[in-house]
Amino acid sequence: MDVSAPMLRPLLKLRSASLIICSSLLLLQAPAQAELTIEITGAGASRIPVAIADFGGEPGVSRALTSVVRNDLERSGLFKLIDPSGAVLTETSSPVYGDWKNKGADALAAGSIGASSDGRQEARFRLYDVNKQGVLGGLAFVTSAPMLRAAGHRIADVIYEKLIGEPGIFSTRIAYVVKSGAARYELHIADADGQNAQAALISKEPIISPSWSPDGSRLAYVSFEHKKPMVYVHSLASGKRVVVANFKGSNSAPAWSPDGRKLAVVLSKEGGSQIFTVNADGSGVQRLASSSGIDTEPNYSPDGQFIYFTSDRGGSPQIYRIGATGGDAQRVTFEGNYNVSPRLSPDAKSMAFISRRDGAFRLAVMDLASKQVQMLTDSHKDESPTFAPNGRMILIATEMGGRGVLSAVSVDGRIKQRLSIHAGDVREPAWGPFTK
Amino acid sequence: MKQLLIPAILAALIAGCSSSPTGPEQTGAPVETRGPGIATVTAGPVESHGLPAELTDPKSILSKRSVYFDYDKFEVKAEFKDLVTAHAKFLASHPQFKMLIQGNTDERGSREYNLALGQKRADAVKKMVVLLGGREDQVESVSLGEEKPKNEGHDEAAFAQNRRGDMLYSGEF
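Protein sequences, first through last, are from chains A and B.
Following the working numbering, the numbering of the first sequence begins with 19 at its first residue and continues without gaps.
Following the working numbering, the numbering of the second sequence begins with 2 at its first residue and continues without gaps.
Hints in this document: simulated from the structure, not taken from any laboratory.
Hints are not guaranteed to be accurate.
[Said to hold, decoys possible] Facing chain A, from chain B, some residues (calculated, C-beta under 8 Å): (1) T43; (2) K99; (3) S111.
Glycine included, C-beta positions come from ideal geometry on N, C-alpha and C.
Please build the complete structure, drawing on both the sequences and the hints.
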């Protein structure tokens, strides 16, 4: 690796001892462009006490693995990590439930990681219900040294799902844009914990509005590299890029249809800013709606039936929805005179958006059945909400101390995490889908 | 830590562990199949070419390229009519030249909504240029939204410099 590249240094403040091992492990991974810091600024009201025992296997490796698991669970704000007191416990040991109950744990995970004969590694673990004194689940899978963090995320996902009852998002990825200096823009892809960041695109001109294809293999975004906004679809593994909208005027705001075949985009080619649909290869452009003003920020409902969008057709920017093939638009937001950036939750029951209140731009969430709106932050410059694929958290761009940072907020507003990069502005987050 | 240097290869399912009475209940897919790696792409720079002196000479009105707008306003103000007229006349007398008008906004609010607001400003400048002698196919209006502030400050003085339309000629875009 390039020794001059700055090393990724996780600075999660909760478990500094285990993270020292984690840091040295990261030297083996691809170089990252900037270091991301995560700070936790809130936690859930009731947290499940869980103990992750020290796993069996080579101590450096197993500690690196369990530190990822512990950090994931702790960062979610839904678990209280019980100190396992350094006892190694593998998936084949019989836990003494009474001891773990005395330590306050409701659940216990034990496991091991060992090298297999062909040079790969095998991770195994079991999860126990301490009170019922039984096995809740477990998993065994092959991994390799560079994928040790991924293995830890996967174990944390299983524990999360067994204990919370919904899928975990620790194995998912996020995309975001880092601006450093006056003219360096990088589109990064990182693990959901902000680690393992890699640049997919580096440009001297702005990059905005990244949007994940439903299968997680491609990103659509707007790049200004030709002095005007154009919409690209970028295949992450190959780096192959396709221009899907380069019409006269501006091309922006790409949003994938849930089946991954189409994009809704905003084009000014026929005057004004209007919503069109286009196939993912750039063919078959069709106008979706017509208004005399601005229509922008389209977002498909998860069932693909509707497109939610921002329009000033009523005089101020408000959120509307329209059938995915056209029809009459219905207004969705009514409170206040600036409601923008709609994003539907994965279960389609709520909508995150940005609402201006007393001059401050704040993250809001609307229950679509009751139309009740809840403000989730008290910040002043929130932008670009994006739901975690399990619907539990919303990631936004916001500003802290004059710098752009990302903030993850639970849908009830209780849990807050902040992701920042020391040397630059972080903005335009997009949370990727579950990948199988 | 030495073991960690073993190179990664595509992994396969481990068979057998699910049937072991003391082993875990499920056998999972190898972690490597989760997602692809990332190939980094660097976007190419735009080359710029020489321009006629009358477009760059500070003494020429044509060296001025920016039209400023009031807050939440999208009409070209009277004080910029002479400037826009001069550029429209240049285009009329230089039919081979093309113009790109970039609309801009201040930083407040949604990036995409601001992109649409910047488009309204660029469209207003274009409309006037075409009215005063530029050909429709000579002029393209686009928006940079809030992405390219002239002044990086966060006060009203900075915002006023950022609510603008910029006129670029062939060779500059």
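Checked hints:
Hint on T43(B) holds. Least Cβ distance to chain A is approximately 5 Å, under the 8 Å limit. Taken as an interface hint, K99(B) does not check out: its beta carbon lies about 11 Å from the nearest beta carbon of chain A, beyond 8 Å. The restraint placing S111(B) at the interface with chain A holds, with a minimum CB-CB distance near 4 Å, inside the 8 Å limit.
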